[in-house]
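Take the sequences, apply the hints, and build the full model.
If you want the building blocks of each chain, they are given just below.
Number of protein chains: 2
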Amino acid sequence: MTIKWGKFYGVGVGPGDPRLLTLQAVDVLQSVDLVAIPKSKLDRDSVAWDIAKIHCPSKVRLIELEMPMTADHQVLTKAWQEGAQTLLAELKQGKSVAFITLGDPSLYSTYSYLLDILQEELPQEYIVTVPGITAMSAAAARINLPLATGDEPLLVLPSTEDVGEFLNFPNLVLMKVSRRLPEILTLLKERERKAVLLTRLGQTGEKIRWEPKAEDFASDKIDYLSLLLVKKDLLGRGNNEPQKN
Amino acid sequence: MTIKWGKFYGVGVGPGDPRLLTLQAVDVLQSVDLVAIPKSKLDRDSVAWDIAKIHCPSKVRLIELEMPMTADHQVLTKAWQEGAQTLLAELKQGKSVAFITLGDPSLYSTYSYLLDILQEELPQEYIVTVPGITAMSAAAARINLPLATGDEPLLVLPSTEDVGEFLNFPNLVLMKVSRRLPEILTLLKERERKAVLLTRLGQTGEKIRWEPKAEDFASDKIDYLSLLLVKKDLLGRGNNEPQKN
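Going line by line, the protein sequences match chains B and W. Going by this note's numbering, the first sequence opens with residue 1, and the numbers climb by one from there. Going by this note's numbering, the second sequence opens with residue 1, and the numbers climb by one from there.
Since the hints were derived computationally from the structure, they do not count as laboratory data. Predicted, not measured: the structure shown is a model, and the values here were computed from it. Treat the hints with caution; some may be incorrect.
FRET-style restraints, in silico, Cβ to Cβ [what the hints assert, rightly or not]:
| no. | chain 1 | residue 1 | chain 2 | residue 2 | range |
| --- | --- | --- | --- | --- | --- |
| 1 | W | His73 | B | Lys232 | 18 to 24 Å |
| 2 | B | Pro57 | W | Thr77 | 50 to 56 Å |
| 3 | W | Pro68 | B | Tyr224 | 42 to 48 Å |
| 4 | B | Asn168 | W | Pro170 | 17 to 23 Å |
| 5 | B | Asp223 | W | Ser219 | 52 to 58 Å |
| 6 | B | Lys41 | W | Val75 | 54 to 60 Å |
| 7 | W | Thr186 | B | Gln30 | 44 to 50 Å |
| 8 | B | Gln30 | W | Asp223 | 30 to 36 Å |
| 9 | B | Gln30 | W | Ser58 | 25 to 31 Å |
| 10 | B | Ala71 | W | Lys232 | 19 to 25 Å |
| 11 | W | Gly94 | B | Ala89 | 54 to 60 Å |
| 12 | W | Asp220 | B | Gln203 | 45 to 51 Å |
| 13 | W | His73 | B | Asp223 | 39 to 45 Å |
Think of the CB as a built atom: it goes at the ideal place given N, C-alpha and C, for glycine as much as any other residue.
Structure representation (C-alpha cells):
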C-alpha cells in the first residue's frame, strides 16, 4: 500500500511579537490538521505557542513534544527520535502538521534535527520550511541599528568558550549568552567592544540594556532568551544615543 | 514652531515571495501616507516594489529615490543625502513614510545609510524599523537545509577579495556572489566545500543549483540577486539528495 503522506511544515513564528509572523506562516497555521509544539518540559509553557496561538483556529489539535534542554547527546537523540516517530504516525495517516519554532526554523532550531530523522522516510515534496524573522533581525530593528552594512561580514556565534577569538569581527551577534554573560562582558570591555543586550524581544518582560557591565550580572541569572549585538562603536551612528529602558 | 513629524518606517519586504511579508509590514504598507522606493535607476523596475505593491492601497502615493549601484562613495553619499532630504521634507509635513527594502532592512541595506542621515533631525520615537525575512533564511527554508545548528557559528560574508580566509567556517553564507562567482567556486572546490547557489528566490526566474561548478559560469554573468550557502557537507543530511531545478 502506498502511503498518502500529509504535509509537514516547519513554521518560524519569529522571536516574540505575533505581528512578526509572515502571511505564509499564518496561512499554514490556519489550514493544518494539527500543530506540534516543542517543549523543554511538558508542564512548561511554550513561548512559540504563546506567539502562534492567536493565529490558530480555536479548536486546532495540538501535539506536545518533549525536547529537553540538555547537552546530553543521548538524551537529545532519544527525544528527537520519539518526537519524529510521533509526527510520522500522523503524517502517514495523511494529517498535515505544523511544527512551530521560535525565530527562524533554519537557525539553531530543534527543527533541523527532527527534519533529519523525518527525511529518512518522508519524501522532500511533503516538507515545507516556512522562514521566520530571526531574533537578530528583530533586535537590530528594535533599536534601529544595522546588523551589517557595505562589505562587512556578520558573524553569528553561540556563546561558546572560544568567543574571544572572534571579537575582531566588526559585526557580531552572540546567541545563548545566558551561559556565560559576565565572562563575555568582561572580554568585551577588555577588547573595547560595545554591546547591546536584548532580552525577551517583543514579549512581556522585554528588556534592552545598552553597554551592559559584567558586575551587573555577577549574581543574577540572565534570561535564556537573550542576545548581544556587538560592534566596535554604537555611538557613531547619527544621534542614536543610548536609551534607557 | 515645533515640527509635527510623520513616522518613518523601514519595511523589510523579504527576498521575493509576497507571502513572506510580516503582518506588521502589511499593516504599515496599508496605513502610511506614502511609500518610498529605492531604485538603482529611475527608469528601472524595483524588485522591492514588485513584492510590496499587492499589499498597498491602489492609490498610495509613491516617491522614487535614485540609489545608484556603484562603489563610488562620493556618488553614493550624494544620493543618500538627496534621498534623505526628500524624505525629511515629507516627514516634516507630518506625512508617514514607508521606505521599502528587499529582505531585512538591518542587513546590507541602503536603509541603514539613509537612517544615519535622517537621525540627525528625526527623533528616535518617529523611527520604526520593521524586520524582514532575510534572503538567507528563505534560501535555507527553500531547500530544507539548516543555516546553522548546535554551537556552530554562522558567517555571513559579502563576497570580498579575502573570502578564502573564511572557508573554514562550518556554515557560510556568501552574499553578492555575482562579483566573482567563478573565482569563488574554484576556491570552494580546492577547499572541498559544498555549495548551493540560489538566485531570485521566490521571484519569477528562481533558480537553485546544487554544487555549481566554476566552468559553468566562465562567460555567463550571474544574476545580482544570488547567494551561496556553503557547507562542509550537503549530503550527510537524511535523504536530502541534490535536486535538479
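Hint check:
no.	hint	verdict
1	W/His73 - B/Lys232: 18 to 24 Å	holds, 19 Å
2	B/Pro57 - W/Thr77: 50 to 56 Å	holds, 52 Å
3	W/Pro68 - B/Tyr224: 42 to 48 Å	holds, 45 Å
4	B/Asn168 - W/Pro170: 17 to 23 Å	holds, 19 Å
5	B/Asp223 - W/Ser219: 52 to 58 Å	holds, 54 Å
6	B/Lys41 - W/Val75: 54 to 60 Å	holds, 57 Å
7	W/Thr186 - B/Gln30: 44 to 50 Å	holds, 47 Å
8	B/Gln30 - W/Asp223: 30 to 36 Å	holds, 34 Å
9	B/Gln30 - W/Ser58: 25 to 31 Å	holds, 26 Å
10	B/Ala71 - W/Lys232: 19 to 25 Å	holds, 22 Å
11	W/Gly94 - B/Ala89: 54 to 60 Å	holds, 58 Å
12	W/Asp220 - B/Gln203: 45 to 51 Å	holds, 47 Å
13	W/His73 - B/Asp223: 39 to 45 Å	holds, 41 Å
The structure is consistent with each of the numbered hints, conforming to all of them.
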